[in-house]
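> Chain by chain, the residues:
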Amino acid sequence: MLQQMFRNLKERAPLIHNITNYVTVNDVANLLLASGSSPIMADDSMEVEEITSLCSGLHLNIGTLNRRTVESMFLAGKRANELGHPVLLDPVGAGASKFRTETALRLRKEIKLAAIRGNISEIKAMAFGSGTTRGVDADVADAVTEENVEEAVRFVKGLARTSGTVIAMTGAIDLVAEEDRVFLIRNGDPMMPRITGSGCMLSALTTAYLAANPEERGWAVAAATVAMGLAGERAAEKTKAAKAGTGTFRSVLIDEIYNLDETTLVKDAKIEIR
Amino acid sequence: MLQQMFRNLKERAPLIHNITNYVTVNDVANLLLASGSSPIMADDSMEVEEITSLCSGLHLNIGTLNRRTVESMFLAGKRANELGHPVLLDPVGAGASKFRTETALRLRKEIKLAAIRGNISEIKAMAFGSGTTRGVDADVADAVTEENVEEAVRFVKGLARTSGTVIAMTGAIDLVAEEDRVFLIRNGDPMMPRITGSGCMLSALTTAYLAANPEERGWAVAAATVAMGLAGERAAEKTKAAKAGTGTFRSVLIDEIYNLDETTLVKDAKIEIR
Amino acid sequence: MLQQMFRNLKERAPLIHNITNYVTVNDVANLLLASGSSPIMADDSMEVEEITSLCSGLHLNIGTLNRRTVESMFLAGKRANELGHPVLLDPVGAGASKFRTETALRLRKEIKLAAIRGNISEIKAMAFGSGTTRGVDADVADAVTEENVEEAVRFVKGLARTSGTVIAMTGAIDLVAEEDRVFLIRNGDPMMPRITGSGCMLSALTTAYLAANPEERGWAVAAATVAMGLAGERAAEKTKAAKAGTGTFRSVLIDEIYNLDETTLVKDAKIEIR
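Protein chains in written order, with numbering that gives the first Met the number 0: chain A, 0 to 273; chain B, 0 to 273; chain C, 0 to 273.
Warning: the hint list may mix true and false statements.
One copy or any two copies: either way a pair holds, since identical chains are not told apart in the list.
Said to hold, decoys possible - Here are the simulated DSSO-like pairs of lysine-lysine, each with C-alpha atoms no more than 30 Å apart in a straight line: (1) K108 with K266; (2) K237 with K111; (3) K111 with K266; (4) K77 with K242; (5) K9 with K242; (6) K77 with K239; (7) K269 with K77; (8) K269 with K156; (9) K242 with K156; (10) K266 with K9; (11) K156 with K239; (12) K9 with K108; (13) K239 with K111; (14) K111 with K97; (15) K242 with K97.
Please keep in mind that the hints were generated in silico from the structure rather than gathered at the bench.
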């Protein structure tokens, strides 16, 4: 399946509409190009519906949201829904401010999302809001480890079920949840969170995999997550061998997505299904 | 002439005002600095007229246009016209949305442009609008090849004549058209469109060459196009030798503009005049 | 003291709120991460007060200011003041437009600033406004050299005294002034101003050092300036050894902040106190 997801991405080379933050937008564009897909960035309400109509997937990222671009996210999201394009939400910083949490929750409510990708605290904010009275599930820990992975699996599976959305909760161990199964992915490197944009790039790549593989949403998201993790491993190896640092790592990470082939993707994937 | 264009750029070191997209703005700034010129980015109507007055060239790029920055483009463009500074328009995505096409056409109408630089579909949108009823010229193909180059030459020459503007239509073969002659440039590498910003960087560099060489607009645009193509060739060579990818290519491309000398520019230019 | 400043940064790993320009924002985020601190970027009035409350330092940079983000700077600045967080202002381009100069002066007036960091012309604009009739101190030269350094020392010390703010005026020789002493720092490399963002990155790093060392503002700013200068020296060395250019330099500069250790910081600092 990983192989098929990868081949479809290369063959269909989807065009992805990104309404995203200005911090990592260049990396997002270059990562999509490196993967074989193509990016368009457009965030004004005057044009987002037209632009999203030209594309086959929509990536919404609230990293530096403002009122103008939030309005555009809703317009583009509704249009993408009408056209049946997959929409992915990256709720960057959900939980950190009311504006972010509420925008993310409204997007989830009003737009049919194919997937949500975030770190554990962002996914928890999506599940519980930023309110103070949290249900029992809120006891899920702040990082997924081998010790608490069972609990995390239950949490994301529950959230996937209630939301009807693939949930990708990424960190040291990545979890990709559909209603009835969870992919556990153990690729990646601790250097990845030491640059800005690892998450945003993964969200964009995931949108591209979804657009190229609309019939297999769970596997599409899992394949994107494995691909990014493998690129991170190889980039970290090369960075350390060169005694370089995170500035170099950032460039090499994109190189490794550019150079990734399907044999490596299948062979080196550390993926488990529960 | 290439040599003279290059020397004037280095000696005059023009300051360029860029109203550009947030995707590639960092590359645009670093490319200008690498070339020996200097960038200023300013996009608010409160200051664009003052800022453009300090500069000697204006680069307008509609890559992530919005209503606020479009207003600023008109203000800055009119001021630059009054001062006799060259204004270059990069109509990114013209043809992809009404907002882009109409903004690009209005800029062409209301601002005296020294040059327009875009890919073939953007230049066609500038020539024909996004309308459905296209004239016979619209039959120009979607990519310039050795087979259809004659037709493309006629097309850009005609557009340069009717618009009074240098037209740079770039792709595998780059065409730079004045009223009465066309430069065909065969430098460059297929890796260039695999990163975001190759076009935006070329537009900024072209504005710098125009600002340093206001008397020789055609040669100035041609020299910038050759310089960027040569940098792309060398950067692709080094990237492949290092078995790297597009992340590395992006950095090395800027290195190669930084390291380019006039001897190389003249010696390795693949330029033909028709 | 340098060692203590550095250790506190690594141990306290402060979270820094940046309201900054879209040209160098990615470099700013990656530089902070490389240093061991963490960045948040948020610029909408809907959330800046909440976001700044989560952080321990605020970096205001007017590089691509607009009316929306200027409003947010005041909101965030006032909140940071209430909470006692250090606020650093980078008055990018002050003196180049009325909007920039007046915004910078208003920020200085209405927000209690822990430090201001800029180049000599920006610092002069902060001292004298953009007016035409400048006082005698305005005779300070346009670049600090060994010949005019005495005069520059007097100027920044006077400004630090009247403003109650640490003044970092950076260039070939960096000056960091408190009321009663000035640090002269002779680290750095001429390649640094050949990329965009050297100054913005230093401003962000300085904010992080201030947040980690609130009791020693002068030393904190000096330590950040030395760290950035050393990174610049090493990055330039490696860039030249590799016959690369400014594209590579930009990445390696971040590598060198990532790899900097306290022994090197102390041993290679070229710092003099007057």
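> At 30 Å max between alpha carbons, let me know whether K77 reaches K239 within a copy, between copies, both or neither.
neither (45 Å within a copy, 43 Å between copies)
> Reference check for the pair K77 and K242, CA-CA at most 30 Å: within, between, both, or neither?
neither (47 Å within a copy, 42 Å between copies)
> Since the copies are identical, ignore which copy is meant and state whether K242 and K156 lie within 30 Å (CA to CA) inside a copy, between copies, both or neither.
Cα proximity of K242 and K156: none, with 41 Å in one copy and 41 Å across.
> Is it within, between, both, or neither for K111 and K266, if the alpha carbons may be no more than 30 Å apart?
neither (34 Å within a copy, 57 Å between copies)
> If the cutoff is 30 Å on CA atoms, where do K108 and K266 land: within, between, both or neither? Let me know, please.
The answer is neither: 39 Å in one copy and 57 Å across copies each exceed 30 Å.
> Is it within, between, both or neither when you check K269 against K77 at 30 Å Cα-Cα?
neither (36 Å within a copy, 49 Å between copies)
> Within a copy, between copies, both or neither: which one fits K9 and K108 at a CA-CA cutoff of 30 Å?
Close neither inside one copy (32 Å) nor across copies (41 Å); limit 30 Å.
> Since the copies are identical, ignore which copy is meant and state whether K269 and K156 lie within 30 Å (CA to CA) inside a copy, between copies, both or neither.
within (20 Å within a copy, 57 Å between copies)
> I want to check one pair: K266 and K9. Are their C-alpha atoms no more than 30 Å apart within a copy, between two copies, both, or neither?
Result: close within a single copy only, 18 Å intra versus 38 Å inter.
> Can you give me the call for K9 and K242, within, between, both or neither, at a CA distance of at most 30 Å?
The answer is between: 20 Å across copies meets 30 Å, while 33 Å in one copy does not.
> 30 Å Cα cut-off: does K242 pair with K97 within a copy, between copies, both or neither?
The answer is neither: 42 Å in one copy and 46 Å across copies each exceed 30 Å.
> Treating 30 Å as the Cα threshold, decide for K156 and K239: within, between, both or neither.
neither (36 Å within a copy, 44 Å between copies)
Violation of the numbered hints given earlier is confined to hints 1, 2, 3, 4, 6, 7, 9, 11, 12, 13 and 15; the remaining hints are satisfied by the structure.
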